[in-house]
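Given the coordinates of chain A, work out where chains B, C, D, E and F should sit on it, guided by the hints.
Residue numbers (our numbering), protein chains in the order written: chain A, 1 to 158; chain B, 159 to 316; chain C, 317 to 474; chain D, 475 to 632; chain E, 633 to 790; chain F, 791 to 948.
Okay, derived cross-link-like pairs now, DSS-like style, lysine-lysine, Cα gap no bigger than 25 Å in a straight line: (1) K459(C) <-> K542(D); (2) K793(F) <-> K683(E); (3) K50(A) <-> K168(B); (4) K337(C) <-> K422(C); (5) K384(C) <-> K462(C); (6) K193(B) <-> K840(F); (7) K422(C) <-> K106(A).
Hints were generated in silico from the structure; no laboratory data involved.
6 protein chains.
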Amino acid sequence: MSKLTHFDKKGAAHMVDVGGKDVTEREATAAASIKMAPETLKLIQDGDAKKGDVLGVARLAGIMAAKKTADLIPLCHPLALSNVSVDFTVNEVESMIEVHATCKLKGRTGVEMEALTAASIAALTIYDMCKAVDRGMTIVETKLLKKSGGKSGTYEAS
Amino acid sequence: MSKLTHFDKKGAAHMVDVGGKDVTEREATAAASIKMAPETLKLIQDGDAKKGDVLGVARLAGIMAAKKTADLIPLCHPLALSNVSVDFTVNEVESMIEVHATCKLKGRTGVEMEALTAASIAALTIYDMCKAVDRGMTIVETKLLKKSGGKSGTYEAS
Amino acid sequence: MSKLTHFDKKGAAHMVDVGGKDVTEREATAAASIKMAPETLKLIQDGDAKKGDVLGVARLAGIMAAKKTADLIPLCHPLALSNVSVDFTVNEVESMIEVHATCKLKGRTGVEMEALTAASIAALTIYDMCKAVDRGMTIVETKLLKKSGGKSGTYEAS
Amino acid sequence: MSKLTHFDKKGAAHMVDVGGKDVTEREATAAASIKMAPETLKLIQDGDAKKGDVLGVARLAGIMAAKKTADLIPLCHPLALSNVSVDFTVNEVESMIEVHATCKLKGRTGVEMEALTAASIAALTIYDMCKAVDRGMTIVETKLLKKSGGKSGTYEAS
Amino acid sequence: MSKLTHFDKKGAAHMVDVGGKDVTEREATAAASIKMAPETLKLIQDGDAKKGDVLGVARLAGIMAAKKTADLIPLCHPLALSNVSVDFTVNEVESMIEVHATCKLKGRTGVEMEALTAASIAALTIYDMCKAVDRGMTIVETKLLKKSGGKSGTYEAS
Amino acid sequence: MSKLTHFDKKGAAHMVDVGGKDVTEREATAAASIKMAPETLKLIQDGDAKKGDVLGVARLAGIMAAKKTADLIPLCHPLALSNVSVDFTVNEVESMIEVHATCKLKGRTGVEMEALTAASIAALTIYDMCKAVDRGMTIVETKLLKKSGGKSGTYEAS
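Pulled out of the complex, with its shape left as it was, chain A reads as follows (with noise of 0.2 Å):
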């Protein structure tokens, strides 16, 4: 028998029942970190909505995508999310874009892997805006950084 919850006893896949649980309110903060060579990242810093805002495009492709998550990732929960932000830093020193994307829900579910859905999908849109100036952009970091309702408790990455 799998440790895994995503397991059934015989080893198959299943929805995890989450009937059972409380509704209570869930939040989860992914983060994502681009890293590029140094002109693309002054490109983007120039844009704007009159020269070509790539983050702006990144944000609104982050958030549709947090709405898509139990579309791409089979056994997740599908979810009536209460809200979705996305947010970027830009780091100078590491050449690099760093994705933050919050999830929450009133449910009965965690909202981690929309979270990191939405992260993912801001960063790789990000590359695909600018990957015709600068292919070798690497996605140098996706991680959870912390999440809180529910059973589990609250989560922080150290």
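Frame of chain A; chains B, C, D, E and F shown alone:
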């Protein structure tokens, strides 16, 4: 005027016109590597159709995600992919699973984003399947390994 | 700082947090009116399950589109609609079909966009079904007729 | 027997067989104009990547909706669009924003519905972003401006 | 090594590479037959655009489902179907409705799954529309009737 | 006036208003049985994560399809399923695989269509995986086995 092809002269985002490009054989391979606790890696390695096949689920999630790329990445063209495959390499030294995704197309535009999306969603699915035992898993690198076909020719990651 | 609720203090688009709003009965009705040549209107009026039921197809398209609203309108919340209906009124004087769409929800956010999306897609479907005989059909007015429920209360178009 | 191509001899709806049609260059442009209070128009005009870029969000929504047309309009063919662009013209005299959407394809069927869907969803997104300050905004005209390619040739709205 | 084409040498599922296959005219027809109480059949037969057109709704559901096949069947290729039609035959002797769905494509892979998906979803929609009066309805046979085109040639059910 | 709840007094299809129904625990189980050549059954039985796990792929396809039911069945409500599981029983005597799908929800409407959709798509996926060796496979029975919860109470197939 932006140097980024996804914006027009006025800085407005648009889906690039690929109508004038040649139909050629296009291929791309992307990688995403997810690092985890050694016990988590062992759980995944022990899994199979009887005990819970994490990698089998992640592979399918990656393949299906490749087909949704144009739905996720705002300025990507809808494509009739001719082939998608997703493979895993276990790196015990680093306690890491490396996802490799390859996409092919006979068409007018490249399939880098499809390969990157497949690799990313496969890695996120591994996270989802194992997060109950290891919330600290981190995708430490997501990048394009190589692409070929089209006017910009062949690219290989250094 | 923007007065528009879909942007945060820094001007970044986000999905508004509705977690703190009350669950109330919400309802909205929207209209879209499509004008056409009198012969086109007659073709549609003569249609039925035997001769081709344009309005039956358009009604279903509208109902199904209401369920996709959160997929289409970037900052809309995913909602579990409790009811969707789409009706048609033939206005022979104006040679026009008026689409009315009504959506209901017990939830934390309004359903105006769902009603507007249903009415718009139903009208576009009428266009699609008849465009081979009348490419000049025009949707002359799409608007919210009324909405109720929630903190902002009842609105009725003047 | 119906004169409408979307029905067969018995009046049953079907997706028209386009297998025998030539692959030609097809293009269509549609417009949707949304009228609003002058203060609402000013809010949108003042917006940018720093204060909230309503039109940037609406443009992306329109582009992404064009790719979903076959999902929304029941009898539309799935198409591999080669190009989608969405532009806005501010008409201060009429206190109105005019959305223009253009789609292109090398294929066997026209792209009128894709252009109309893009324009409609972009206009509805403007409504969504501003509805908290102006619920009376109205899309006063949605129509095909021109289309070219295919057996039925070129059409231009009078 | 599996004899099943959807697995590679190592037993991993993949989307078969069809890039090397010829573009030929492909067609497939599938059937699904749903048996019901005679009174239920009579309700459906009496229905029309005025009294409730069960088969009109089921036909559209089938056509739209054909377009979603690659979203539903994990290893199916995304296809630009050129034609989809769904028809119904009432079999009063057996108290049964037979759904026939036909799909066509000029492409590199067959459309059997598209035809089977269209027939299945049309039959399930009949179930949905009538389940309040007859929960015991049963789809007694779903199968491929014939397919043509491609290297494997023509198949006809015996 | 129709006796079918999916039509209103005028015979127009609509999504039934479930806003007044109680939130209760709802559950449904459906079955789909696919008959095949004995050699095909053997190929599937021999399969595993190393040789090709047909049933593992079909299970995931069924689970993911349950989440898409409201997208496929036109008048179904979008639901936040709390649990989905799909199991297989090999019937060697009949050379058949029986798919059982169970869905659960705390909500205002039943989940019969979700269970039927999951079972149907899992069976079609088995067909897809094996069709290269056995095009004559037939789904010989798809039906609701039982459902509970809601005003109409419990139903069990005879």
